[in-house]
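A.B. asks: Each chain, letter by letter, is given below.
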Amino acid sequence: MKGVFTYIQRDFIRWFRYRVGVVSTLVLPAAWLMFVGLALPVEFTGNYLDFITPGILVMTIQTAGISSGSLLMFDKMLGFLNKFLAMPVPRESILVSKILFITLRGILQSTIILVLVILIGATILNPLQYGLIYLILFLFGVFISAFSTTIALYLDDHDSFAAFTAMVTMPLFFTSSAPMPYDVMPDWLCAIAHVNPLSFAIDAIRDLGSGTIPFFSIGLLAVFSVIILCISGYVFRRITV
Amino acid sequence: MTAIQTEDLTKFFGDFCAVNGLNIEADKEIFGLLGPNGSGKTTTVLMLTTLLTQDRGTASICGYDTRKDPDKVRSSISYVPQDMAIDTNLTGRENMLFFAKLYGVSNPRDRVDELLEVMELSSRADDLAKTYSGGMRRRLELAEALVHEPEVIFLDEPTLGLDVAARKKIWEHIHALNRKGMTIFVTTHYMDEADRYCDRVGIINHGMIAVLGKPAELKSHLMKDVISVIVNGEYVPVDLEGVLFVGQSGDELSFTAENGREALPTLADALSRAGNSIRAMSLREPTLDDVFLQSVGKQEESTGFEEWKYRLMLRRR
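Chains A and B, in that order, give the protein sequences.
Just so we're aligned: the first sequence equals residues 1 to 241 in the UniProt record's numbering.
Just so we're aligned: the second sequence equals residues 1 to 317 in the UniProt record's numbering.
Hints listed in this document are in silico derivations from the structure and should not be mistaken for laboratory results.
We treat Cβ as the ideally placed atom computed from N, Cα and C, and that holds for glycine.
Possibly wrong hints are sitting among the right ones.
[As the list claims (entries may be wrong)] Pairs of lysine-lysine, DSS-like flavour, derived with a Cα cap of 25 Å:
no., chain 1, residue 1, chain 2, residue 2
1, A, Lys2, B, Lys68
2, B, Lys101, A, Lys76
3, B, Lys28, B, Lys224
4, A, Lys2, B, Lys168
5, B, Lys214, B, Lys224
6, B, Lys72, B, Lys28
7, B, Lys101, B, Lys214
8, B, Lys169, A, Lys2
9, B, Lys219, B, Lys168
10, A, Lys2, A, Lys76
11, B, Lys168, B, Lys180
12, B, Lys72, A, Lys76
13, B, Lys219, A, Lys76
14, B, Lys180, B, Lys169
[Claimed, not checked] Computed footprint of chain A on chain B; a stretch qualifies when at least three of its residues, placed anywhere within it, have a C-beta under 8 Å from a C-beta of chain A:
no., stretch
15, 80-93
16, 197-208
17, 277-291
[Unchecked claim] With beta-carbon atoms standing in for the labels, derived distance ranges:
no., chain 1, residue 1, chain 2, residue 2, range
18, B, Thr131, A, Tyr48, 43 to 53 Å
19, A, Val23, B, Leu128, 14 to 24 Å
20, A, Leu220, B, Asp113, 50 to 60 Å
21, B, Asp71, A, Phe5, 30 to 40 Å
22, B, Asp113, A, Arg19, 54 to 64 Å
Generate coordinates for the entire structure from the input sequences, incorporating the hints supplied.
C.D. replies: This is how it looks when you write it as structure tokens:
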């Protein structure tokens, strides 16, 4: 779509200029990896690092995606959106570019995690497995960033949105299959974990690591992403009439 | 083909009629839309720039209907909102390049260089925009708006918050663009600027055009001289032949008369006799302010200060 690349380019330049932002997005997942992956005295499986890595990868995408929903809202509040909307560029490309930017930035961060875990002793996978991991992360990234962008557009207020972000980020992680396998969870947690969208992505990546290709999960993630994208497009169109 | 043409353009927000049956036309001129806050200026601009759909009537830009051909309209216009939306962490040049690429300009780098030169920003082009002064930021926005050589530019309060020198410069640039054949649609509430720089102005109040015409013509509808009087306390109306009451803004009253020098003492007499206590009187030529005052009426805040609402607001914090 015309304009998508230019919009993404703008967001990347802006992001790189905020050096603190760059450092923070890189340090945060590394810190999670350290504290949750290495320091916690748990032993569910043979190699806890291999077990926790999918969780950290997905969580990285999730944190990046949820908090960036405000990007489009701020463009709207600061008057940029009106300028963009008065241009002959297709309007949807503004929304698509934001979702792609957030997803790509999350994938950049998870690449750093992937490199880190290999350095500290995770099992090395084959290229196809890595390729599919990226596909899963991409689909999940689109899902979560479209979701948060829609919420932000709908709430239309950065205080409410910050409250929303704080409310969902941590519970989503701990009620997913990221920290522990289903069989050691209490029943109530197990039930929640099975419907948590984070778990779909995490389980899919775990399946990959154990050698199977999770066509079903990938398909499901794709369907979810498309549904959320449609809702997002609908809300976007409604605020821009 | 007329650059801007509206017919019965109307917009409701709920029950509130923000713009009511607007009929305006502008072509290759600087058209100023004037009016108090909340009179419908910005709503009008939003409809003309395809950002808002009207409830009734039509608007066309360069012959394209804003609802049927929005993309063609968007290709022929530029819109500079009053928010000063520029990326402060990007350099002036980067800001410009971004717009040039979005518009798909064929030779973006050269075009950007050329416009930075026109807007006198070349020497600071590679500094981050956050180091720019207010006037420079506005000029950068103007430059951005020009990358695709639009036929019509919409400027919403272009000089808001700028100092005198910066304002003058912005207006000079606007004037230069107009001389090249561009149609410029400006909203402002600085009457003196509209008077000096706009070819035609429309005064809008409660969503309706109250007066429309060249500033000089509008002023000539008033009589030759304006007498402004400052009174202490409430104004007690007087009726005097040959002297017309124009309006009141704050404690300042304006009257107009064919021969101000002669009318001045008679008016002073009449005012005192009616029981007004005069603090000061002066004689001047009519300005657009007087036209505005006469057409819009007594200037008040749209909603007065209501103490109970204020208290309620404090309590809610």
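A.B. asks: Each of the hints needs a verdict: does it hold here or not?
C.D. replies: Checked hints:
For the proposed pair Lys2(A) and Lys68(B), the alpha carbon gap of about 21 Å is at most 25 Å, so the pair holds. Distance check on the hinted pair: Lys101(B) and Lys76(A) sit about 21 Å apart at the alpha-carbon level, within 25 Å; holds. Our distance criterion of 25 Å between C-alpha atoms is broken by Lys28(B) and Lys224(B), whose separation comes to about 30 Å. Using a Cα cut-off of 25 Å, the hinted pair Lys2(A) and Lys168(B) is violated, with the two alpha carbons roughly 38 Å apart.
Restraint check for Lys214(B) and Lys224(B): satisfied, since their Cα atoms lie roughly 16 Å apart, inside the 25 Å limit. Pair hint Lys72(B) plus Lys28(B) holds up; C-alpha atoms about 18 Å apart against a cutoff of 25 Å. Our distance criterion of 25 Å between C-alpha atoms is broken by Lys101(B) and Lys214(B), whose separation comes to about 38 Å. About 35 Å separates the Cα atoms of Lys169(B) and Lys2(A), which puts this hinted pair outside 25 Å; it is violated.
In summary, the hint linking Lys219(B) to Lys168(B) is supported, as the alpha carbons are separated by about 22 Å, within the 25 Å threshold. A threshold of 25 Å between alpha carbons decides the hint, and for Lys2(A) with Lys76(A) the separation of about 20 Å falls inside it, so the pair holds. Distance restraint check for Lys168(B) and Lys180(B): the Cα-Cα separation of roughly 19 Å lies within the 25 Å cut-off, and the hinted pair is therefore satisfied. Restraint check: the Cα-Cα separation between Lys72(B) and Lys76(A) comes to about 23 Å, which is no more than 25 Å; the hinted pair holds.
A distance of roughly 40 Å separates the Cα atoms of Lys219(B) and Lys76(A); the hinted pair therefore is violated under the 25 Å criterion. Annotation: proposed proximity of Lys180(B) to Lys169(B) holds, straight-line Cα distance about 17 Å (limit 25 Å). Evaluation of the coverage hint for the stretch 80-93 of chain B: fulfilled, as 9 residues show C-beta separations to chain A shorter than 8 Å, against a requirement of three. Coverage of the stretch 197-208 of chain B by chain A is violated [criterion: at least 3 residues with CB-CB distance below 8 Å; count 0].
Counting residues of the stretch 277-291 of chain B whose beta-carbon sits less than 8 Å from any beta-carbon of chain A gives 0, not enough to reach three: the coverage restraint is violated. Judged by the Cβ atoms, the range 43 to 53 Å given for Thr131(B) and Tyr48(A) holds: they are separated by roughly 50 Å. Here the CB-CB span from Val23(A) to Leu128(B) is close to 19 Å, well matched to the stated 14 to 24 Å. For the hinted restraint 50 to 60 Å between Leu220(A) and Asp113(B), the CB-CB distance of approximately 51 Å keeps it satisfied.
Distance hint check: the CB atoms of Asp71(B) and Phe5(A) are about 19 Å apart, inconsistent with the given range 30 to 40 Å. Asp113(B) and Arg19(A) have their C-beta atoms about 29 Å apart, which leaves the hinted 54 to 64 Å range violated.
Going down the numbered hints, you'll see the structure goes against 3, 4, 7, 8, 13, 16, 17, 21, 22, while the others check out.
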